[in-house]
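Colleague: Each chain, letter by letter, is given below.
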Amino acid sequence: MKLVWFETVKTFSRWRTYIGFSVIALIVIITEVVMRLSADEILYRMLRSLEKDFLISGNVLNGWFVTAFIMNSLHIHIPFLITLVAGDMVSSEATSGTVRLLLIRPPSRSRIIAAKYITTLFYTAGLVLFLGLLCILLGMTLFGSGDLIIHHYGRFGIIYLEEAEIPVRMLLAFMAAIWSMMTVASIAFLLSTLAENSVGPIIGTMAVVVVFLVIGNFPLDFFRSLKPYLFTTYLTFWQRFLDDPIPWQQIGSAAAILGLHSILLFLIALGVYSRKDIKS
Amino acid sequence: MWFIYVLLLFSAGWAFAQDDAVRYLDALERKYSALKDYTVDVRVHFDMEGFNAPDMQARLYFKPPDKMKVESKKVFFFPKEGGIFNPFMFKKEAFDIRLLEEMTYDNRKAVKLKLYPKDTKKMKQSFVLILDIESHQIREFHTSSEEKEVKGVIEYGKFKEFDLPTRIELHLDLPFKESFEMREFGQPAAVPQRVTGKVEISYSNYRVNSGLRDEMFGSPKKKK
Numbered sequence: 038m039k040l041v042w043f044e045t046v047k048t049f050s051r052w053r054t055y056i057g058f059s060v061i062a063l064i065v066i067i068t069e070v071v072m073r074l075s076a077d078e079i080l081y082r083m084l085r086s087l088e089k090d091f092l093i094s095g096n097v098l099n100g101w102f103v104t105a106f107i108m109n110s111l112h113i114h115i116p117f118l119i120t121l122v123a124g125d126m127v128s129s130e131a132t133s134g135t136v137r138l139l140l141i142r143p144p145s146r147s148r149i150i151a152a153k154y155i156t157t158l159f160y161t162a163g164l165v166l167f168l169g170l171l172c173i174l175l176g177m178t179l180f181g182s183g184d185l186i187i188h189h190y191g192r193f194g195i196i197y198l199e200e201a202e203i204p205v206r207m208l209l210a211f212m213a214a215i216w217s218m219m220t221v222a223s224i225a226f227l228l229s230t231l232a233e234n235s236v237g238p239i240i241g242t243m244a245v246v247v248v249f250l251v252i253g254n255f256p257l258d259f260f261r262s263l264k265p266y267l268f269t270t271y272l273t274f275w276q277r278f279l280d281d282p283i284p285w286q287q288i289g290s291a292a293a294i295l296g297l298h299s300i301l302l303f304l305i306a307l308g309v310y311s312r313k314d315i316k317s
Numbered sequence: 042m043w044f045i046y047v048l049l050l051f052s053a054g055w056a057f058a059q060d061d062a063v064r065y066l067d068a069l070e071r072k073y074s075a076l077k078d079y080t081v082d083v084r085v086h087f088d089m090e091g092f093n094a095p096d097m098q099a100r101l102y103f104k105p106p107d108k109m110k111v112e113s114k115k116v117f118f119f120p121k122e123g124g125i126f127n128p129f130m131f132k133k134e135a136f137d138i139r140l141l142e143e144m145t146y147d148n149r150k151a152v153k154l155k156l157y158p159k160d161t162k163k164m165k166q167s168f169v170l171i172l173d174i175e176s177h178q179i180r181e182f183h184t185s186s187e188e189k190e191v192k193g194v195i196e197y198g199k200f201k202e203f204d205l206p207t208r209i210e211l212h213l214d215l216p217f218k219e220s221f222e223m224r225e226f227g228q229p230a231a232v233p234q235r236v237t238g239k240v241e242i243s244y245s246n247y248r249v250n251s252g253l254r255d256e257m258f259g260s261p262k263k264k265k
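Residue numbers (the working numbering), protein chains in the order written: chain A, 38 to 317; chain B, 42 to 265.
Next comes chain A alone, as it looks inside the complex:
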């Protein structure tokens, strides 16, 4: 526990840790202010296909909708901000030359790496929660509350979630988003144990995420058949908490697949770190 605390203090005393928080704050503030200023245009674009046949009243563009909208837009970009810290977690010791000093002290390598991993997960959770809280608080201030209307692209699909049940669903969605991002953090963490500098793990993780996303989304049968085997397919399983009814089985299997990825990646990182040669 003490080790985790040390690692957390160390991580949060580095300016790099706050890049992610600052970028998120900037993006969310800009997005929500622009959405507020162009609310009419957004509503028109959002509802025009429905407004031909339906009269729609009430606060459709509310804080919950804006939060879901930003979450949908940022799920490809958040991994990059996570890798900034996760990719630096172990490799920074090599870069700064403190790895020998660290490993000759009493705590075992496995305890040190576990502490670093827990700190990585803590940072990941903090970043996603920060995004969620900022989106919701600013969204509620600028747009007010209301029922959440989810419109599926490409087919007539409207999901109407009543205001009373949204907070719980959002909480579950953000927990699922944290779970997803932990897998990305685990990749960056593993690469960090393999590298001697931070740039490699950051670029490497983003390369893996982008390549998997591209492969999984190519509209060709061959790539479609690969999709179930790519972890990126399950990264957006948080969206399922905004479905009605909630597809628990689908959520369970996505969470299990991502969880297994995270555990496996950590175990590999543990193995690599335990055998790491610090003498050369």
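Calculated from the structure, these hints are not laboratory results. There could be a bad hint or two in this list.
[Said to hold, decoys possible] Cross-link-like lysine-lysine pairs, in silico, DSSO-like; alpha carbons within 30 Å at most:
no., chain 1, residue 1, chain 2, residue 2
1, A, LYS89, B, LYS163
2, B, LYS115, A, LYS89
3, B, LYS121, A, LYS89
4, B, LYS162, A, LYS89
5, A, LYS89, B, LYS153
6, A, LYS89, B, LYS189
7, B, LYS159, A, LYS89
8, A, LYS89, B, LYS192
9, A, LYS89, B, LYS110
10, A, LYS89, B, LYS104
11, B, LYS189, B, LYS110
12, A, LYS89, B, LYS133
13, A, LYS89, B, LYS165
14, A, LYS89, B, LYS77
Using the hints, position chain B against chain A.
Modeller: What follows is chain B alone, placed relative to chain A:
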């Protein structure tokens, strides 16, 4: 010569039938001529594929010829066609009217009329109405255009001296084409599809001729 007689006989019959059809619409218009406005609470139940929503409630304000307003604390969807009872939309001057059938509907005398709009730029769809000619009520309507079809069945109650709907059941068959340009990476452009299903609307707490002012309906929205 006999051919001309037959032709005259048929054309006279046809002219009488058209006169009757106009009279039925005229009677409907006269029946509601004293209706100056109404306010009603509506409850909408959607039974449509792809439309996953609980029952919705709102207060609806209507003032002839076509002013309407919806007030709802929550997000509210309401079918534009057929959901708002407007007996003033079937003005005899606006349509070419054809009597399709004389019939019995719920053990009462009724007629089936087909209405073709005269100004097809203003109104694109034609209507088929089943009118109860004993009480001058629209019991069923069917609107169709090239793209969409709406069928409705109306049940009435008496509010002051007016017969107003207590329930309308709509059957919708509408086109749906995605217009929200944003889509996720890799998603192909949407294919137009049909939206079908049933909408049940219950009406309660009518307030008739309460003197709704024009200002409360606001100015009509400009189309973008």
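Colleague: Does each hint fit the structure? Answer for all of them.
Modeller: Structure-based check of each hint:
For the given pair, LYS89/A sits about 15 Å from LYS163/B by alpha-carbon distance, which is consistent with the 30 Å threshold. Distance hint between LYS115/B and LYS89/A is fulfilled; the C-alpha atoms sit about 20 Å from each other, no more than 30 Å. Between LYS121/B and LYS89/A, the direct Cα distance comes to roughly 8 Å. Compliance with the 30 Å bound is thereby established for this hinted pair. Between LYS162/B and LYS89/A the CA atoms are separated by roughly 17 Å; this keeps the pair inside 30 Å, and the hint holds.
A distance of roughly 28 Å separates the Cα atoms of LYS89/A and LYS153/B; the hinted pair therefore holds under the 30 Å criterion. Restraint check for LYS89/A and LYS189/B: the C-alpha separation of about 11 Å stays at or below 30 Å, so the hint holds. Under the criterion of a C-alpha separation no larger than 30 Å, the hint pairing LYS159/B with LYS89/A is consistent with the structure, at around 22 Å. With a C-alpha separation of about 17 Å, the suggested pairing of LYS89/A with LYS192/B holds against the 30 Å cut-off.
Restraint check for LYS89/A and LYS110/B: the C-alpha separation of about 16 Å stays at or below 30 Å, so the hint holds. Note on LYS89/A and LYS104/B: the hinted pairing holds, with a Cα-Cα distance of about 21 Å set against a maximum of 30 Å. Between LYS189/B and LYS110/B the alpha-carbon distance is near 24 Å, which keeps this suggested pair within the 30 Å criterion. Between LYS89/A and LYS133/B the CA atoms are separated by roughly 26 Å; this keeps the pair inside 30 Å, and the hint holds.
For a cut-off of 30 Å, the pair hint linking LYS89/A to LYS165/B stands: about 14 Å separates their Cα positions. Simply put, LYS89/A and LYS77/B have alpha-carbon atoms about 27 Å apart, close enough for the 30 Å limit, and the pair holds.
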